[in-house]
Structure formats: structure tokens, C-alpha cells
Amino acid sequence: MRKLEPGRLIIASHNQGKIREIAALLGPYGIEPVSAAELDLPEPEETGNTFIDNAELKARASADLSGLPALADDSGLCVDALDGQPGIYSARWAELPWSERAVDPAADAGEVKVERDFSYAMQRVHDELLAKGPEAGRDAHFVCALSVCWPDGHIESFEGRVDGTLVWPPRGDRGFGYDPMFQPIGRKETFGEMDPGEKHGMSHRADAFRKLVEALIG
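Residue numbers (the working numbering): 1 to 218.
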């Protein structure tokens, strides 16, 4: 297994919440995180069938374009009563309907921007559960896949998980994505209420990162 050396590492994401969390996790290891957004690297279409598939294709794309090692994350919320949905489509569930998206006046022919609103996504999860009826459970888990790709194409991948239950209404304005409706097992706070340092110590991303550090840095 190849080791990850100190120096610049591309974080293959345009999601500022993920970038902050990954940068905080990398801090103690002498690695300088640089986001794909800072380098204006495009986000590839997520065509994989699993979290690891999507993490690997994003890591490969950034490593190819930058000539530097790249770390990509693909993560999502899996709800038991919804057969694991939204799963790998977690970000896409946050895409607003066309009727609610903004038109960019500077774009060709009034191009409509893709806009994501996780309040909309959380409401959709809640509505889908209500449609299942009162017997539908609220058990859920977050999954995170982390992939590191080097410019020569070598790649290593790791997956983490945290289990919990869904609450309604959402609570807290910390974190991002579905965090305000997810209460990890054994805790009274949602990820949206939790201090970021506490979340970093127990999240699905932290679980995957521990495995990455043990294999590639430790």
C-alpha cells in the first residue's frame, strides 16, 4: 500500500462543508489541502453505482487535471425504510424543481442554474417516510467513501459509517446537508446541533478517515 506524503493534496470537491471537515481532519499530518474549487477544476458527473465508485472517479479526475494526489469523498444518507434511499443520490435529492430554480441572465438563452437546497431534501425524506405510513421506522445511517488517487493512476479507497435515527423537525444550524435531521446512536443532539469537533470525532467521514490514516499515513 502506497503512503501519502506531506505536501499539497487536492480535495476533489466544491462542497465547502466537506472541504472544511476534510481540511480539519488533515491538519495534524503536514498535508496542505487545496480544493478543486480553488483551482477551478470541474466536477465530473457521478455515474458510479456505489459511494466508492463515485469517490474514485472524482479523485481520478482531479489527479489527472492537477498532476497532484487527490482525495475525493462521496457520502450520503441511507434510510432503512426507504430501501437505502437517497443513498448515492443524496445531493441530487436536494436539487430544486425546475420551477424554483434561478435563471442566470448572463447565461446563454437564460440558462437555468442547478440549485441545491438541503431543507428541500430533508422535507422530501420526511414526506417519503410519511407516505410509507406510521409503521415506517426512522433508522438511518450515513456512509462516506474516501479515495486517494495519485497522478500515475494508483488509487486507494476506504469506507466509513455512522448509525442513527431521523428526527423531525430538523434541529441545529451547524454542519451541512442532512445533519440537522440525523441523531447518532447514543447522543441527544443531531449532527446539526453538535460542536464540529465532536462530530469530527464520530462521523462517517471520521470513520473512513481513521482507516485512511492507518493505511496511508500512519
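For the record, the hints were derived by calculation from the structure and aren't laboratory data.
All of these numbers come straight from a predicted model, not from anything done at the bench.
A couple of the hints might just be wrong.
Think about it this way: if two alpha-carbon atoms lie no more than 20 Å apart in a straight line, the pair counts; the simulated SDA-like pairs of lysine to any residue are [claimed, not checked]:
1. 188 with 215
2. 132 with 83
3. 132 with 165
4. 3 with 16
5. 3 with 83
6. 3 with 150
7. 132 with 176
8. 188 with 211
9. 3 with 152
10. 211 with 173
11. 3 with 29
12. 211 with 197
13. 132 with 150
14. 188 with 124
15. 3 with 215
Flag every earlier hint the structure violates by its number, smallest first.
Hint check: 1, 4, 5, 7, 8, 10, 13 and 14 fail, others pass.
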